[in-house]
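Sequences are here, hints too, so could you generate the full structure?
The listed protein sequences correspond, in order, to chains A and B. Under our numbering, the letters of the first sequence match residues 29 to 180, in that order. Under our numbering, the letters of the second sequence match residues 346 to 503, in that order.
I should point out that these hints are in silico values taken from the structure, not numbers from a laboratory. Yeah, the Cβ is synthetic: ideal placement off N, Cα and C, and Gly gets one too. One should not assume that every hint holds.
A short list of chain A residues far from chain B (calculated; beta carbon distances all over 12 Å) [said to hold, decoys possible]:
#1 A59
#2 V65
#3 D101
#4 S112
Only some residues are given here: those of chain B computed to face chain A with a beta carbon under 8 Å [stated by the list, open to error]:
#5 D387
#6 L441
#7 K451
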Amino acid sequence: MRSILRFLQAPSASIASGFLLASVPLAALAAEQVVRVLEPGTVRFWVTLGAVQLLWLFGYGASSLPAWAKWRDGTVHDRLTIVSGVITSGIAGNIGYYGGYYMVGLAEIACFISTGLAGWGGDKFLTPLLGRVVTAFDAILGRGGDGGGGKP
Amino acid sequence: MKVASRFLLPLELFLGLTMFSWGLSGGFGRGFLYKLLERLGDNQAWLVALCLVGGLQMGWAMFEWLCGRNWQLWTTRHWPPSVHFAASLRASMAFLAALVWLYVVKLVLDVPGMAQITVLAILAPASFLFCCWVFVENLKVRYALNPQISTSTLRFHR
Chain A
29 MRSILRFLQA PSASIASGFL LASVPLAALA AEQVVRVLEP GTVRFWVTLG
79 AVQLLWLFGY GASSLPAWAK WRDGTVHDRL TIVSGVITSG IAGNIGYYGG
129 YYMVGLAEIA CFISTGLAGW GGDKFLTPLL GRVVTAFDAI LGRGGDGGGG
179 KP
Chain B
346 MKVASRFLLP LELFLGLTMF SWGLSGGFGR GFLYKLLERL GDNQAWLVAL
396 CLVGGLQMGW AMFEWLCGRN WQLWTTRHWP PSVHFAASLR ASMAFLAALV
446 WLYVVKLVLD VPGMAQITVL AILAPASFLF CCWVFVENLK VRYALNPQIS
496 TSTLRFHR
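Okay, here's the thing in structure tokens:
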């Protein structure tokens, strides 16, 4: 318990928890608005949901194919590092469709293309970018850390 | 593993032409597809996406088929392009085309009446699979020809 309290008193943890707490009502409001527009329960909603998941997986698979197929030389560890990008690709892909279609109001075909591209670029670009952001934050807050990385 | 991609150019030409034609068919003409898309309000987006991606794929395939026989494998110059650059571009275009065909498959499953266009219902998934094949083969060539990437599995031959 004491260690948890000590962790929460650390400057980085308090800044992060502050951001997290501030974003909760905003996220809830946005989710409520989006769900109201999406009409869950209709056939179109489920077909679209399935198609979006398929799309970002397709994009992610296309970007990590050379590593899995061993077209480039590397260690097993190099190949396994691409697994870390699945979540990033998934989030980026879903944002690509639902954000583009419901928030920005793009045409559906443009959202489809952006979902696949986000799935492809999620691991390739976002993971290294997030790694750099974490490293920069760690440097500002005076903490060590390698900041993650990207694909080999 | 021996890799090459020039033999796929006629297929890419056909895939690009097919997508371009369907793009025109949904964007103009007042046909059945046009009316279905009009109900969704997607005529313009359909026309732009399919004609742009299909036109690019068809145009580049035609250009490379006619002029690309003796291109260098790897070059730092912009012109004439290298085989490596061409394979990268063709892989990117095949990836984009696969996404567009997936969208068409989704519409066939999703929009009532779309599956009545039997040619489209058969052609869209088949074209998606062919685009995946084109993407994979061009990506292999791209990795085989890039001197900055070490590979012991891929070996390019014309």
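Evaluation of the provided hints:
Distance check for A59(A) against chain B: the nearest CB is about 24 Å away, which clears 12 Å, and the non-interface claim stands. For V65(A), the shortest C-beta to C-beta distance to chain B comes to about 16 Å, beyond the 12 Å cut-off, and the non-interface label holds. For D101(A), the non-interface assignment is contradicted: its Cβ lies about 5 Å from the closest Cβ of chain B, within the 12 Å cut-off. At roughly 21 Å from the closest C-beta of chain B, the C-beta of S112(A) stays outside 12 Å, upholding its exclusion from the interface.
Interface restraint check: D387(B) against chain A, minimum CB-CB distance 6 Å, threshold 8 Å, status holds. Because the closest C-beta pair between L441(B) and chain A is about 7 Å apart, less than 8 Å, the hint holds. At its closest, the beta carbon of K451(B) sits 5 Å from a beta carbon of chain A; the interface hint therefore holds under the 8 Å criterion.
Of the numbered hints stated above, the single one contradicted by the structure is hint 3.
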